[in-house]
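Protein chains in written order, with the working numbering: chain A, 104 to 358; chain B, 104 to 358; chain C, 104 to 358; chain D, 104 to 358; chain E, 104 to 358; chain F, 104 to 358.
One or more hints might be untrue.
All copies of an identical chain are treated as equivalent in the list; a pair is satisfied when it fits inside any one copy or across any two copies.
Here are the simulated SDA-like cross-link-like pairs (lysine to any residue), alpha carbons at most 25 angstroms apart as the crow flies [to be verified]:
no., residue 1, residue 2
1, K184, R155
2, K184, W154
3, K184, R203
4, K184, R275
5, K184, R253
6, K321, D285
Treat the hints as calculated values from the structure; they're not laboratory data.
This structure is a prediction, so every number in the text was calculated from the model and none was measured.
For reference, the chains in residue letters:
6 protein chains.
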Amino acid sequence: MLRSDGRNDDVLREIRITRGFQQWPAGSVLIEFGNTRVLCAASVTEGVPRWRSGSGLGWVTAEYAMLPSATHTRSDRESVKGRIGGRTHEISRLIGRSLRACIDLAALGENTIVIDCDVIQADGGTRTAAITGAYVALADAVTWLAAAGRLADPQPLSCAVSAVSVGVVDGRVRLDLPYEEDSRAEVDMNVVATDAGTLIEVQGTGEGATFARSTLDKMLDLALAGCAELNRLQAEALAQPYPGVLPEPKPRKSK
Amino acid sequence: MLRSDGRNDDVLREIRITRGFQQWPAGSVLIEFGNTRVLCAASVTEGVPRWRSGSGLGWVTAEYAMLPSATHTRSDRESVKGRIGGRTHEISRLIGRSLRACIDLAALGENTIVIDCDVIQADGGTRTAAITGAYVALADAVTWLAAAGRLADPQPLSCAVSAVSVGVVDGRVRLDLPYEEDSRAEVDMNVVATDAGTLIEVQGTGEGATFARSTLDKMLDLALAGCAELNRLQAEALAQPYPGVLPEPKPRKSK
Amino acid sequence: MLRSDGRNDDVLREIRITRGFQQWPAGSVLIEFGNTRVLCAASVTEGVPRWRSGSGLGWVTAEYAMLPSATHTRSDRESVKGRIGGRTHEISRLIGRSLRACIDLAALGENTIVIDCDVIQADGGTRTAAITGAYVALADAVTWLAAAGRLADPQPLSCAVSAVSVGVVDGRVRLDLPYEEDSRAEVDMNVVATDAGTLIEVQGTGEGATFARSTLDKMLDLALAGCAELNRLQAEALAQPYPGVLPEPKPRKSK
Amino acid sequence: MLRSDGRNDDVLREIRITRGFQQWPAGSVLIEFGNTRVLCAASVTEGVPRWRSGSGLGWVTAEYAMLPSATHTRSDRESVKGRIGGRTHEISRLIGRSLRACIDLAALGENTIVIDCDVIQADGGTRTAAITGAYVALADAVTWLAAAGRLADPQPLSCAVSAVSVGVVDGRVRLDLPYEEDSRAEVDMNVVATDAGTLIEVQGTGEGATFARSTLDKMLDLALAGCAELNRLQAEALAQPYPGVLPEPKPRKSK
Amino acid sequence: MLRSDGRNDDVLREIRITRGFQQWPAGSVLIEFGNTRVLCAASVTEGVPRWRSGSGLGWVTAEYAMLPSATHTRSDRESVKGRIGGRTHEISRLIGRSLRACIDLAALGENTIVIDCDVIQADGGTRTAAITGAYVALADAVTWLAAAGRLADPQPLSCAVSAVSVGVVDGRVRLDLPYEEDSRAEVDMNVVATDAGTLIEVQGTGEGATFARSTLDKMLDLALAGCAELNRLQAEALAQPYPGVLPEPKPRKSK
Amino acid sequence: MLRSDGRNDDVLREIRITRGFQQWPAGSVLIEFGNTRVLCAASVTEGVPRWRSGSGLGWVTAEYAMLPSATHTRSDRESVKGRIGGRTHEISRLIGRSLRACIDLAALGENTIVIDCDVIQADGGTRTAAITGAYVALADAVTWLAAAGRLADPQPLSCAVSAVSVGVVDGRVRLDLPYEEDSRAEVDMNVVATDAGTLIEVQGTGEGATFARSTLDKMLDLALAGCAELNRLQAEALAQPYPGVLPEPKPRKSK
């Protein structure tokens, strides 16, 4: 039984990774998981937040948001509501945590990288697309910092990070759910993994249902295979040259 | 190698469940996981939020908060800061989702149950203690609604829900982490399970580290055994009579 | 004397208009004025805000925002700051007012069109690009409503609307300023005009300087010529078929 | 004519004072006035707010709040509403002011004591219970600071502080009103007094009624007698040893 | 010993009451207590807040605020800070409560009167000046409602209300403190009284000091005499005709 | 055809300028354009905002607000709503920008002048009255700073600034619209000009209509004549001595 978009249960949607989408940020990546499109921008600033200052460690954080026009029915703007919703907070924290698992903050030196993940179009799996694209933007920002001679150590990235959703729909375990499947899934899981096959984050939720441990195992199988494929596509994209003008090496001012 | 509090790796802290802690809410439970103490109160109101009105379905939601004096160093009050933090949002949503997995909202009828989980003292595992205590408060609130003749169906609860933390500390997989272990855990996982042994939620996070799938398996073993023990203690507590005065059956007004 | 991008004083940057950029909104247009890129999405909802309800009139409003990664130096997210800045408010109001000048709200019937103008990349003139793109998105939304049989009158649009900036830079009156010129302009003016050559809005400001009335006249000459050229490009873009699937005519429910 | 709980007009409800209720704060007191239960925690931090820094003076402040589940009908959480209500502000300020009247801030040295008064259960008189309990928590915090060798002077407390409500109910002047009486009182007064019999604060309000000066005099008689009894119970509680582990004397770092 | 402005201890500052200060509100009074100037405007709206609707009772409420330029050093605008401070809340509630003590809300009928007390210039005693002026504005608003035929009963006002501050300065009990005295007063009290000599509100505070009951008695003597004089001046002002055009009697629509 | 208040199309309402309206601010001016009354207060503080610190430049900014009782129907207080509306923001920015066009911020030295424009009574044209009055208050504040010896250069003001509204009502171009005309104007324009006849700001808006360039020209003619008359009245007012006590020259502390 094929899915409504013709895929087998264990197949990802079409993935597209476009580096250099914007001109100002050090890394700017448009990632597409089928109709889901997320713009992931990595902005570099010298220095770290005050609570971290003087530690010699860098900082990586993320902010996730959705354009009002990204969803089937227009959603209200959080800036207009004057507060950030729980879901937004939760996903921003997940992205930041996932990226910090792959970077040595001492090697980064006292630089801050903020990754903005703005959903241009939503069709399920926006948070996993965001993590997968954010890693590529982060890698570009690291290349930029290396060129500028601002890293404390030449290679702060210890692994690549990707993420994918998996769930139980119509009683079948399926990979990379579009909105149509996600909205009626009995179980919904997001898995963040490294290109070494280890796990960074596992979040599985029964949606008004509970699930057996054997189901969890099957979902992990599919998700890890999906992440491996995503890692391959990230590597392929990053094999191309940096999509912009790299800065001249400018040694940091000693204080 | 024993843990600093003398427990084996697979043993829960001392658990105490006190029903009827407050006099006004239909359910009010003080739950203690060692030094962690959470007050879980289930308040019943007739009717449901507007977006759900007329559906015939009830609603269960939760709000988690910490007293400023609950933590080792006093924490700022979120009401004073004027906004709820990401962590608070995330835990409130987790508790609500976990409880909705065990209740038939059609059987509940158009009633709302709000579960307030206020941490009186924090020593690790506040969210899992909150879920475990909230289930007992919810069960009392259901008993109260049944006595009042306000349920659409006599038994809306389909299972019991408990939760426990598990993690990797000093390279060992350990159950029910106190703050001292939690703060230096390499991997941290929260598992919400039913008394049928099925899963409701699994959230595992590498804290600046990644973890192998085999570690995930060992953590699940310990967590499920811990949840089963918690279910036994919940049942024991609920075997006592309702700790207050039940209302007279008052059939709901037809509209 | 040519400008740094090689243009003459009275020439627009390269303008690109891409209809159907997103799949959900009734109108979705990416407009580019050189490196300035704004996504203009027109979302349709049935009914009007409460204060207008029952009047028989429709409503058109706009919200302007900038992605944090759109600017040279990353800007803070207004949703995170918890309040919308004065500049954002001002531009949102300007866009809404400009569009309402070209639409007969009685002919629109009790429908609301919200135009979201999200700046993807900023290089000067974002508000004028937003207005020019928003008109095209609005026209698509009107086509969509007409196909759905939801208009009170078949042709609610009375004219086309475009906007352009003009300013005094290095003592010369110039059209369509990029950021590099805008940031050092002595006088800055935004003009919103119709394809009939009439004015909707004129906002001229001396930036730490004052200006003679004769300068105002020269700026208006250039701006009106620029708007005429933008009107031509809008018409050209709208001459193509609707970039999506139009709804079936579904007569509105009588109440 | 006895009151509904069997007391005479001039008798306090049953008062219970439990020191050492929580483990982290320097002072933590659960105080009960009948069914009203307030947790008063005194947290110590080194240093003072910026506006006071370098003055050599310490600072004492208070925050009052109610658990949502404390009231007969659940009340909304102020953190969720995003703002603190007028009543909460007013009571917080009253508690802080009352405690500052009994402490020599120069003797306290540049330390800050924050007193959190969280109402666990509300049955009238929460603000007066809070002040009475807060004084005991403050005394414990001072003992803690003395043990740590952090006071500028050994005895900063100049007197003890207690508070009680008094009102006119059914035409009779009554002491320490429970909610049932408070909600229908014609006049309502809160009196804060010292163990020397002097006054710190007097707040009397006609609730939709006015009152004669002679009534004010009778209310003051009852209130001052009630405060004297509360002072006796505070002294009795504080005669027990400090309910926790006192710190070693650690002389403050000279700067 | 005279005070710095030459008054005896028991003498009010020069009081001026100007009715009809603004043209739109039904009552608009500028009241001056020496250099303290407060604009008190009573605005009438048909209907009552939702929680009171259908009760047949009217509603009177007050809002107090200070112009940024009213104080010696400019104070920040609360609208800019995005939240109302505790002091503002407290005073607004006091004014509203004081006025509701003198009006029969059933006689008012389902009308709302909002009294805005905006301090134009602050020199001590702004809250007592506000209450005294607000009564006059309220009386004018009642006259306006009577003329419009919108009262449920012809005379809803049961008494006149005035207020004055009193305090202990330099060891002497003094009436109506200007800022220079208020800022160094050992005890500070505000008294709200009726023209029948009864009390509505008594708020006495030791400012870092405590006070004897005999001092309280002396302060009340002075305050009540001061209120009587204020009542006389209110009556004198209200003896003049209504300072504007009264509406034609328009019987309220039956619903 | 005369206007409803008897004026010809090109005549200003009666203008009154009262200096020294409040006692604390360095400049305090009540300006009246007919029934529109705005209190403009210029407060001086030493130093500049942090982002400007050390530049040697001063800062001038403005805040505009309306008393709730200033409008025909009472308007809600922005401090109570917890946020400043778009219109308020827009006008505040306009006033600040207009005043900065006439002052040399280097000559001002590192001083900040905040101009508070609080509308006491609104009858159209509040923003133009605010700008016109704010200039007079600014001039007084500059005189005050000069007397105090705190200016970097003796004459920082380069010109005088005034503003007036102009519009198309009933098909006729009219000057200085009261609310009755403003609310039904087809075109509405605000012009800010200097006493040298040059322009600072021009904001013209078609209100649901568009306008020809020839109409714009006629509006400018009227507005510039109106501004010239306002400049004359400002000069007349400022020809009187400073309405208060000037400070003694106190040279600024060298750092």
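Hints and how they fare:
1. K184 with R155: Result: close only across copies, 21 angstroms inter versus 31 angstroms intra.
2. K184 with W154: For K184 and W154, only the inter-copy Cα distance (18 angstroms) is at most 25 angstroms; the intra-copy one is 29 angstroms.
3. K184 with R203: between (30 angstroms within a copy, 24 angstroms between copies)
4. K184 with R275: neither (39 angstroms within a copy, 42 angstroms between copies)
5. K184 with R253: neither (39 angstroms within a copy, 29 angstroms between copies)
6. K321 with D285: within (17 angstroms within a copy, 29 angstroms between copies)
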